[in-house]
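*Asks:* So you can see what is in the structure, the chains are spelled out below.
Protein chains: 2
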Amino acid sequence: MNLPHQPKFLPNTESFKASPLLIAGLLEAGVRAAGNNEIVYRNITRYDYPTLNRRVHQLAHALSALGVKAGDTVAVLDWDSHRYLECFFAIPMLGAVLHTVNVRLAPEQVQFTMAHAEDTLVLTHRDFIPLLESIGGELPSVRGYVLCEDEESGPQSSLPVLGEYEALLAGQPMHYDFPEFDENAVATLFYTTGTTGNPKGVYFTHRQLVLHTLVGASAHASAGAPLLSRDKVYMPITPMFHVHAWGVPYIATMMGCKQVYPGRYEPNVLASLVVNERVSYSHCVPTLLAMVLGAAEATHADLSGWHVLVGGSALSAGLARKALAMNVDVRGAYGMSETCPIISLTSLPADFAESDEEQQLHWRCSAGVIAPLVQMKLVDEHHQPLPQDGHQVGQLLVRSPWLTPAYYKDPDSSEKLWQDGWLHTGDVASIDQHGLVHIHDRLKDLIKTGGEWISSLDIESLISRHPHVSECAVVGMPDARWGERPVALLVQTPSTAALDAESLKAHLMSFVNQGTLSKWAIPSEVRVVTAIPRTSVGKLDKKLIRTQF
Amino acid sequence: MNLPHQPKFLPNTESFKASPLLIAGLLEAGVRAAGNNEIVYRNITRYDYPTLNRRVHQLAHALSALGVKAGDTVAVLDWDSHRYLECFFAIPMLGAVLHTVNVRLAPEQVQFTMAHAEDTLVLTHRDFIPLLESIGGELPSVRGYVLCEDEESGPQSSLPVLGEYEALLAGQPMHYDFPEFDENAVATLFYTTGTTGNPKGVYFTHRQLVLHTLVGASAHASAGAPLLSRDKVYMPITPMFHVHAWGVPYIATMMGCKQVYPGRYEPNVLASLVVNERVSYSHCVPTLLAMVLGAAEATHADLSGWHVLVGGSALSAGLARKALAMNVDVRGAYGMSETCPIISLTSLPADFAESDEEQQLHWRCSAGVIAPLVQMKLVDEHHQPLPQDGHQVGQLLVRSPWLTPAYYKDPDSSEKLWQDGWLHTGDVASIDQHGLVHIHDRLKDLIKTGGEWISSLDIESLISRHPHVSECAVVGMPDARWGERPVALLVQTPSTAALDAESLKAHLMSFVNQGTLSKWAIPSEVRVVTAIPRTSVGKLDKKLIRTQF
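Those sequence lines, one after another, are chains A and B. 403 is the number of the first residue of the first sequence in the working numbering; add one for each residue after it. 403 is the number of the first residue of the second sequence in the working numbering; add one for each residue after it.
Read the hints as simulated data drawn from the structure, not as lab findings. Hints are supplied without guarantee of correctness; some may be wrong.
The list treats identical chains as one, so a pair stands whether inside a single copy or across any two.
With a straight-line Cα cutoff of 20 angstroms, these simulated EDC-like cross-link-like pairs (lysine to aspartate or glutamate) come out [to be verified]:
#  : residue 1 : residue 2
1  : Lys419    : Glu585
2  : Lys779    : Glu582
3  : Lys419    : Asp812
4  : Lys779    : Asp579
5  : Lys818    : Glu416
6  : Lys419    : Glu566
7  : Lys410    : Glu520
8  : Lys818    : Asp782
9  : Lys818    : Glu854
10 : Lys410    : Asp812
11 : Lys419    : Asp814
12 : Lys410    : Glu585
13 : Lys779    : Asp822
14 : Lys945    : Glu927
Build the full structure now, drawing on both the sequences and the hints.
*Replies:* What follows is the structure in structure tokens.
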């Protein structure tokens, strides 16, 4: 008889005390590592890490005085700021839950998320007061509001305002005796911007955020030119409500990097912060990168030394080339709200410099290499595993220690997300033998024409290389003969010759002739428009695009 | 009434499956990161990471075929080799426990550790067969031996040999379906070389080793000149039985670094491996660094680009200067067997280059900055906390997620190690406001003379700066008038003028005149000897030195 055998587990000695993985430890590490590095908020505030630490402790005192307790949920609506960074630490360190509210959602969706999260206290920039006034009557759990002010005097408001952020911090004791608790306590909560139904709440525990930070630090620091280390300068161009700005403020803080928070996104301000503060690392969706590169301030600026990780949507070859021409190092990364988010990230291989331009673009525009402690699996339509040979394309399933364990109070959606112990991304991908991931499309955006599957992303990336195209989207539309046919929306670059469908088709035919595109993937219809519909976090809104066609 | 408030804990969705922190994930990450980087064993073997991975899987098959099951303990006695690295992974990945046997212990202590650990299978290099034959009769749990051979034919042995390592691997399937289990399973076990009583067993779980690896990767990669990243070359000069060579083989593997394993330590071989394999990072105790720097092969070699982390014992100013004069970057680190071991590590501060030589030496010879997720506390004789101001000196207590939870099957010692939830290091230290740690002495090696405490390490570091001293040890000896008086043992550098006590006292008086040494710290007696007693891992054996005086 074959008895099952167990690994060895031993009891701890009586006076041993385990050290849980808590966010507090990341801040402590940063204060020790940072030296004179600063936290910068636009041209408004700058201070050092001991000050960051003191302010986090004072904020905790201020929040406690306002009645915030472990288990409460506290909402923040602010532009990217030092205050937001302080909230990233103080709120979870109290044992409370940080709800980073997506301020770009429609008011009724903001109301839905804040009511669903049961927010008790709201910290808000004055720019969001009209929004909150419009929905404040339908937020029964909210006991009060704290104003985050860049200028001296606050606005009048009908909301129950408990005080102004700086005034509340002033005079608080410099040390808060933060509690130690189980690492599986929920630390953060935010809502995905699904195109169907209500937004879904995604949450992460202290353990998950600490592990995401540790692996992220190693992945950012390790390969080729390091993206982050103590001597780099970090500035997000991703709103801090968006997957806690990809978790990078936690990584940069643990490493003690200089950090620059740019407030409300204005292209010229972003470009001049990059230059004046010597920013070496940012991350953003493609649209925002294009916006900064197109800013007047960027035109004659020296942007060399700036590394940008592009995620949220695929980095197209056209945008990558444009960035490289301006001496900006760009690379892809992959993740989703439900994955904390980083699960793959492009590190340039050792033989990168010797490779030809097309191979370099292939690496840069990939989703990167699977991060440590992440497992990925590809499955076909029948849920059978596919080989990871760089060719086979299937739905991407993921496991790792930092994936959201469920949607908040939404068991039906949770059971669709998690099946058989794997998170189902809804993306179709291929993975090569070195763990390099290519995302081919959203499962629902794949186009099936004449029995063949084609990837809307692949066509978009090739269209993006046309010199007169600044943005594009490809969707499948029903077709009586072929089932579906691809159609394209384009925005043309300013002050160039008029772009027409024929010129674009000729451009795509050159790829057909090279064998890198199937002839049937050339869009049947091309429309030049002034703007392409996007979601609240800057992704192409393909559902809306299909409706408009 | 003040009800206690709890952080928020949420149930996982039904089909969610947690990802435990297992050593298997480190190897998977390394294979993806490494590109063409190699594992090198002396001039005998070199192979790439896919081969490492395949051999780990084949070793698991071979061990299973020999009856190794989850929960078993498997002993390894080998010089630093690719085989040892394979065992670092295959044995814990099976759910078994890797016992790294300290081959420098006396035979009766080796017998004690192997019997206490209940080893079931032993993998051994031929050099240790006489040792094992001498104790084999007293190892009732051992079912058999596997020979690790560098040459073709194995020796005759009276031991029950089950096969030769390479022969056992040959023909095994390339993939082993490793089990997934709880991250709190024990992965490694080894024995401390305490100077009193029997060796004590220290063990670490998969969770602890993964966390030590992640934090170690970030600490090695992040500050100033990175010690490790994918493009660095690692070679331990710490035997792999010594705290699994400080955990660095796990870090280097996860990062996909080229790794060089030097076999049995021979100074000229080590020096030429550094040069020929372009080793950029090593770690060792001071004695081994001195030995390599003094090797004939090192004399005219270009060692620039070699970074050495010194731990186990303090890095003295004299040795640091000698290394720097040979263009070797040296830095201190701190840890102990019970701490996995790394808990602090020197990262050079941003203003390092602008500092004067004494300040640079001060940083290099420190124990480094407290690592992320490590908490340290200083206490006085009455267990009252002391401020971390760089001046106050007290016993160092530690917490972190990777400290051994107990000594194996030794509750009495465990309760002395862990008190009130803190691991008591037995070291006295000071910590400055930036988290920079200085170890002043072992608590039991402090010298109390005329009512004043003096640090034997401080005196040793100053003596080490004498140009004719190659090694030294200072201990306190009973003294009728002063309680204790320091006495010094010296080894003089070869081919220099004879060293006498007067010359040494004049050297130390210069520090008294500078105000960096108290006059009463000048040793009362100085003896020049040919060798200083050391423990099995190269530390000064002060207990034996005191006995000899």
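*Asks:* What label fits Lys419 with Asp814 when the C-alpha limit is 20 angstroms: within, between, both, or neither?
*Replies:* between (39 angstroms within a copy, 17 angstroms between copies)
*Asks:* Give the relationship of Lys818 and Asp782 under a CA distance limit of 20 angstroms: within one copy only, between copies only, both, or neither.
*Replies:* Result: close within a single copy only, 17 angstroms intra versus 57 angstroms inter.
*Asks:* How would you label the pair Lys779, Asp579 (within, between, both, or neither) given a Cα cut-off of 20 angstroms?
*Replies:* Classified as between; 15 angstroms across copies, 44 angstroms inside a copy.
*Asks:* Is it within a copy, between copies, both, or neither that the alpha carbon of Lys410 lies no farther than 20 angstroms from that of Glu585?
*Replies:* between (23 angstroms within a copy, 11 angstroms between copies)
*Asks:* Up to 20 angstroms between alpha-carbons, please classify Lys410 paired with Glu520: within, between, both or neither.
*Replies:* Between. Shortest inter-copy distance 12 angstroms satisfies the 20 angstroms Cα cut-off; intra-copy 43 angstroms does not.
*Asks:* At most 20 angstroms between alpha carbons: which applies to Lys818 and Glu416, within, between, both or neither?
*Replies:* For Lys818 and Glu416, the Cα distance is within 20 angstroms only across copies (11 angstroms; inside one copy 43 angstroms).
*Asks:* If the cut is 20 angstroms between Cα atoms, do Lys779 and Glu582 qualify within a copy, between copies, both or neither?
*Replies:* between (37 angstroms within a copy, 16 angstroms between copies)
*Asks:* As a check of your reading, is Lys779 near Asp822 (CA-CA no more than 20 angstroms) within one copy, between copies, both or neither?
*Replies:* within (12 angstroms within a copy, 45 angstroms between copies)
*Asks:* Give the relationship of Lys419 and Glu585 under a CA distance limit of 20 angstroms: within one copy only, between copies only, both, or neither.
*Replies:* Classified as both; 14 angstroms inside a copy, 17 angstroms across copies.
*Asks:* Is the C-alpha distance from Lys419 to Glu566 at most 20 angstroms within one copy, between copies, in both cases, or in neither?
*Replies:* neither (40 angstroms within a copy, 43 angstroms between copies)
*Asks:* Could you place Lys419 and Asp812 in one of the four classes (within, between, both, neither) given a Cα distance threshold of 20 angstroms?
*Replies:* Intra 36 angstroms, inter 17 angstroms, cutoff 20 angstroms: inter-copy only.
*Asks:* Could you figure out if Lys410 and Asp812 sit no more than 20 angstroms apart (CA to CA) within one copy, between two copies, both or neither?
*Replies:* between (38 angstroms within a copy, 16 angstroms between copies)
The structure fails to meet hints 6, 9 from the earlier list, while all remaining hints are met.
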